[in-house]
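Undergrad: Below, each chain spelled out in residue letters.
Protein chains: 2
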Amino acid sequence: MDTIKTWDGSDITPELLQKMDAYWRAANYMAVGQIYLKDNPLLRKPLSKDDIKSLRLGHWGTTPGQNFIYVHLNRVIKKYDLDMVYVSGPGHGGPALVGNTYLEGTYSETYPEITQDESGLKKLFKRFSFPGGIPSHVSPECPGSFHEGGELGYSLSHSFGAAFDNPDLIVACVVGDGEAETGPLATAWHSNKFLNPKNDGVVLPILHLNGYKIANPTVLARISHEEVENLFLGYGWKPYFVEGNEPTIMHQKMAETMEIVLAEIKAIKQKAADGDTTRPIWPMIVLRSPKGWTGPKFVDGLPIENSFHAHQVPIADPIGNPEHFVLLENWLKSYHPEELFDEKGTLNQDLQDLAPTGTRRMGSNPHTNGGLLLKDLFMPDFKEYGLQLSHRGQTGPGDTLVTGTFVRDVVKENMEKRNFRIFGPDETLSNKLNAVFEVTNRQWEGDTLNTDEFLAKEGRVIEMLSEHQCEGWLEGYLLTGRHGLFNCYEAFIHIIDSMFNQHAKWLKVTNELPWRRKLASLNILLASHVWRQDHNGFTHQDPGFIDHVVNKKASIVRVYLPPDANCLLSVMDHCLRSKHYVNVMVAGKHPSPQWLNMDEAILHCTKGIGIWDWASNDQGGTPDLVMACAGDVPTLETLAAVSILRKNCPDLKIRVVNVVDLMKLQPHTEHPHGLTDADFDALFTKDKPVIFAFHAYPWLIHRMTYKRANHNNFHVRGYKEEGTITTAFDMTVLNEMDRFHLVLDALDRLPMLEQTADYLKQEMKDQLILHKNYIDENGIDMPDIKDWKWDV
Amino acid sequence: MDTIKTWDGSDITPELLQKMDAYWRAANYMAVGQIYLKDNPLLRKPLSKDDIKSLRLGHWGTTPGQNFIYVHLNRVIKKYDLDMVYVSGPGHGGPALVGNTYLEGTYSETYPEITQDESGLKKLFKRFSFPGGIPSHVSPECPGSFHEGGELGYSLSHSFGAAFDNPDLIVACVVGDGEAETGPLATAWHSNKFLNPKNDGVVLPILHLNGYKIANPTVLARISHEEVENLFLGYGWKPYFVEGNEPTIMHQKMAETMEIVLAEIKAIKQKAADGDTTRPIWPMIVLRSPKGWTGPKFVDGLPIENSFHAHQVPIADPIGNPEHFVLLENWLKSYHPEELFDEKGTLNQDLQDLAPTGTRRMGSNPHTNGGLLLKDLFMPDFKEYGLQLSHRGQTGPGDTLVTGTFVRDVVKENMEKRNFRIFGPDETLSNKLNAVFEVTNRQWEGDTLNTDEFLAKEGRVIEMLSEHQCEGWLEGYLLTGRHGLFNCYEAFIHIIDSMFNQHAKWLKVTNELPWRRKLASLNILLASHVWRQDHNGFTHQDPGFIDHVVNKKASIVRVYLPPDANCLLSVMDHCLRSKHYVNVMVAGKHPSPQWLNMDEAILHCTKGIGIWDWASNDQGGTPDLVMACAGDVPTLETLAAVSILRKNCPDLKIRVVNVVDLMKLQPHTEHPHGLTDADFDALFTKDKPVIFAFHAYPWLIHRMTYKRANHNNFHVRGYKEEGTITTAFDMTVLNEMDRFHLVLDALDRLPMLEQTADYLKQEMKDQLILHKNYIDENGIDMPDIKDWKWDV
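Going down the list, the sequences are from chains A and B. Per the working numbering, the first sequence runs over residues 1 to 792. Per the working numbering, the second sequence runs over residues 1001 to 1792.
These aren't lab readings, by the way, just hints derived from the structure by calculation. Incorrect hints may appear among the rest.
[To be verified] Facing chain A, from chain B, some residues (calculated, C-beta under 7 Å):
#, residue
1, 1055
2, 1187
3, 1227
4, 1555
5, 1767
[Stated by the list, open to error] Partial chain A-side listing against chain B, Cβ under 8 Å, derived:
#, residue
6, 113
7, 114
8, 116
9, 135
10, 152
11, 300
12, 429
13, 502
14, 538
15, 544
16, 735
17, 736
Keep in mind it's a predicted model, so treat the numbers as computed, not measured. Backbone N, C-alpha and C fix where the C-beta goes; we use that ideal spot for every residue, glycine too.
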């Protein structure tokens, strides 16, 4: 090895590179140990079958490459005192991160029973991928992790999320070449068009061309060097290649490349600090190294190193197969653990000295346990943004439009702290959060024209037409201790169903780890919802995200359906203050009737569910009928139906129940927000018919209420997958949730009404025909539908 | 305009280009007409307010560019007699496709009431984006469409799916620059590494750099020309740029480019026919043209053409605002409809002559109504692949492994017809469909090494680590009249939740259009399911896809949970023969107990649900307890629980019910497979306790059965979001669905057992502790759990 001149003028000596190689060997040895050994962790005795785990689980293939990267990152962190975190795209390579955080000491600080000696090593090896132990991924249990990588595709989006508003942070993001084939990752390279070089941090992608997936080569490993280079130039990066398999040469190349890359990063940051806001071409590294590097070359005649056979556990049966046993023993010994660990079993001091110290260690960097850094938002008083109602049913300007003024001031109040961002797939205006653009812009580093609106080099809103990116960026932002809001069309939030799953799982597990601090909630505002996609039609209609959400742990998920602007304000305030939840808010954006004054809205949202006395006429008695609703459009149709019933059947006692917090419907034993049976019965009675107009698929209400006494009397209307381009009201008719169908449903369950019912039923049917004819002729709703006012 | 020499030596004259411009004007005129007019469609009278629609909906911005492309494609189709179809990525531009298919005559053939005259034009304009009319997208109602584009991101994947095994087909795929920001589209460019130049067709991507999304510029429009070029070179394409806004010049450029591109395509196809199988670098076109091209330049002082303001309806209020009225009138007149349509209102004959004829018209190409081309698969007799059981509970080799032999022969039998493919995200081996590789390979056009396995230039399996791609390719393949199977890990099928939504919606709507022929079903095999992700841990555990599926129309969705290999064979056979459904099959891949002989399995799967007499002891009487199960692991645990109960409580009458076809549980009024109440009650009784072990989230069973008489006695166990790296059995314990918990659940509901129950409960609790201790110590399950055999 040669001495390398670094950009600060100092040297990287051959001796240092040799030490780094030894450190790498230690990490690789630890990976094999984690996968195979339950005892004799340093081979102080001859390997015996009893030392080997009965079941061997873990992913070897990606691990040595990640260990290689980690040791080279350690060098530059230490040398330049960098604030750096590590994201492992191929998170299956848990042994790499577990091993490295152990070697640098953070693992033992987090889990004191895992001591820095032979006994600690033994415990660590055994607990890896073992029941009651730790997962084999870079899971929440692993210090330094804020990205598990169990599901592939989101490492780069998370990394950019972490970098936003952390100007001094470098996020080293290892992208696996398998992961690189996923859609979300393929578009995430474009995140560099949204990163401000002055105010945001740095993402240093390290594309690991490891060559193989589970059983196939990877696409990027099997195209020409020129194509790979063009691809990343096209994505707006400057790729540096480190390619080979000879460790000595590779250490040299990697160290040199790190120096070049860091010098470029420094120059870009300096230029930005000097006021040049041109979009920089950030450097990245392409590391082409063999899968299962340094592992066995052949097992049972099959090539292992540099082949997909190295993906998981390369030597299958070291207990039962004597050849395998010898292969394993030789493999372990090839790292010469006796040269790496001292008598106690602690990493040699000269190797320990290679790692950074304190919170510069990537396993201890506080950004990776974001709750440590989380500061509450300054919250303006949401009540001041409320609508003053002159009467019930007064038309508001659009619920999200009103809330936009509140969110605008959340943006404003926290502008200096730089810890709140809004993400959306080109829909922040469409979702009517227009007011935020009074105080901020969309952050955009691409070229601009003077006809553009609300685009600037920096801004609190980031928009890209990729729900994956919006979700991934926001998750990365939250995971590193900040706050945010994702606004999205309701139907297309399903695009991130699987990302939501993973984030909910992360929250569930971190909730159970005392050393993990709580994060700000993931807040999702679904405007442009199913009932008002009348102009976009059937493809834009799907309210099923909340079905998906409620499958996750009750301790994590919250769903809100505010019926009007004041309620949405109250809910938004609550969600932005909350911690460690996923909050889903569904709200309308169009001018629509308003029901509650601010004080009433606060009371109603605090309870989450309640009787609307002013709409009911069962005061002080038992109702004949409960009309329940959840969601803005269902509330409107329910109140219209109630007014028809009350006018036509004045003796009928009707109770109106509105649900804001959907989880109230579940039993209190199932969800912390759930009502007790007594409270539920007090609202819904034990035996009266309940007509429930629901925002989403009707079955969800049944699913949540099936244990309740009165469940058999629940009749739920909701979206049942009928829709096209039509009018707003016709959408409710197609799905039989309109006022006339609701009245018909009620009448069917009120035998005591006799002739009144027959007359009214005919009237409702006539109305439906009248409405249909008018729409067919005019393409719009009848004025008395469109401008209907509550006047009971 | 100059005369252009074409690659076949003929000329494109200035006269031809002028005519093409006139045709383009006609299409643009029709687009404005569709958005605005309900009468006076050819402005034969002065425009009046009464001619204008009350509500104006539609997307103008993308439309003129798509019209431009369509007219140029028409020219080359006609000239070279091409078999070409058109995929509209920005499918919101419905006016383009509706207009063009009308101009070429296919629209009137599909909808005879829409005649080729003024009256037909009037009807067409009025029905566009009008209640009871047609959607504003390239929806199923539009002839020539097999990709609606309502949700963005899948145009290119669908196009490649269409091209597979259609060697003479060219799929012209317009990719919007908004859509191009999505993850799925960003990775879909790599599809060229999977397209065989000899046996498959051609995809000609036309990236439309239209510049803007709803309210933002697009990323690809705001990076340098060099970056765009590098990006597509890196993706392995040869990009040709057509850039500008002056129509005369643009026609010339586009025609020239089409000639170059088609010559290259021809050369590639010829080379492949001659045996050169090197991966070709296919040409593509980048069309940079102004959004809202030829539309109004300014409205209310805001720029419209070449700005995001052109996205939808550029002139907002032509009825109420006199200036807007004049702008609209001038805009319409700018196309000179009087020069384009004859007295009757029919497109001038010389323009009509520009379009191809018959099924060469892109609106009439049979590939776009795939059912027209669909041929049934040759199906081997699945019974011949069944396992012969020597006893109940015999360990099989893995249910998907067995089915793999059947699928292998489906592949083999249909090899020559080239109409069956298997798609998977690098998991076909992991999901144990190994046998298929005895007869075919993975199709892979990237570089290969001699250590690779089952990779070849052609093969019936296609694998890329992108669930989006697998799903999109398969959808495209099915939509153009072929058959296929998608195999996937259960947890990660959520990645395509939203794609499933769109396909289910497509199937629902086409079901209702008599001229649309039925397609082969979308078959999804979910192996590597929640209960056997014990080695990958929590991130890999989510059985909620079926919750998502059952929200869609009952006429479309089917869910199967075969308990063993013979049942899976029967289900697979049924699914592969079926039409126009989405079939979800959930099955295990690990060696596991087998329950039914082939004949029994066929009978059981044909009924879809049934009593297992051999496991029950209530023959001829009423049971005290029903033990129900759905899914392989729940069936095992249920039978183990039943055997414990029968041994310890011999007088207890137990009925075992197994569910294969989940939809049987729904009321027959809700789903065509649903049982009548009488049949349901005959299985589950009206009043006996039912302990139901379910594969997925338990609430789904409640949702499906809440209307049944005995519902209140249903106690359902399933996955409740508890998991980590552990053993297979411990996964069931963590979720309280193991045999011991099931016995405890039963005993809680059997008060008549008295002391027997108390004794047995203690025994079950002891067993749970024993099991836990053993696992904690050994990391594997106790032998009597692992090797448990049915022996009642």
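Undergrad: Would you mind marking each hint as holding or not holding in the structure?
TA: Hints, one by one, checked against the model:
| no. | hint | result |
| --- | --- | --- |
| 1 | 1055 | 5 Å, holds |
| 2 | 1187 | 4 Å, holds |
| 3 | 1227 | 5 Å, holds |
| 4 | 1555 | 10 Å, violated |
| 5 | 1767 | 17 Å, violated |
| 6 | 113 | 15 Å, violated |
| 7 | 114 | 17 Å, violated |
| 8 | 116 | 24 Å, violated |
| 9 | 135 | 4 Å, holds |
| 10 | 152 | 7 Å, holds |
| 11 | 300 | 14 Å, violated |
| 12 | 429 | 4 Å, holds |
| 13 | 502 | 6 Å, holds |
| 14 | 538 | 6 Å, holds |
| 15 | 544 | 5 Å, holds |
| 16 | 735 | 12 Å, violated |
| 17 | 736 | 14 Å, violated |
When each numbered hint is compared with the structure, violations occur for hints 4, 5, 6, 7, 8, 11, 16 and 17.
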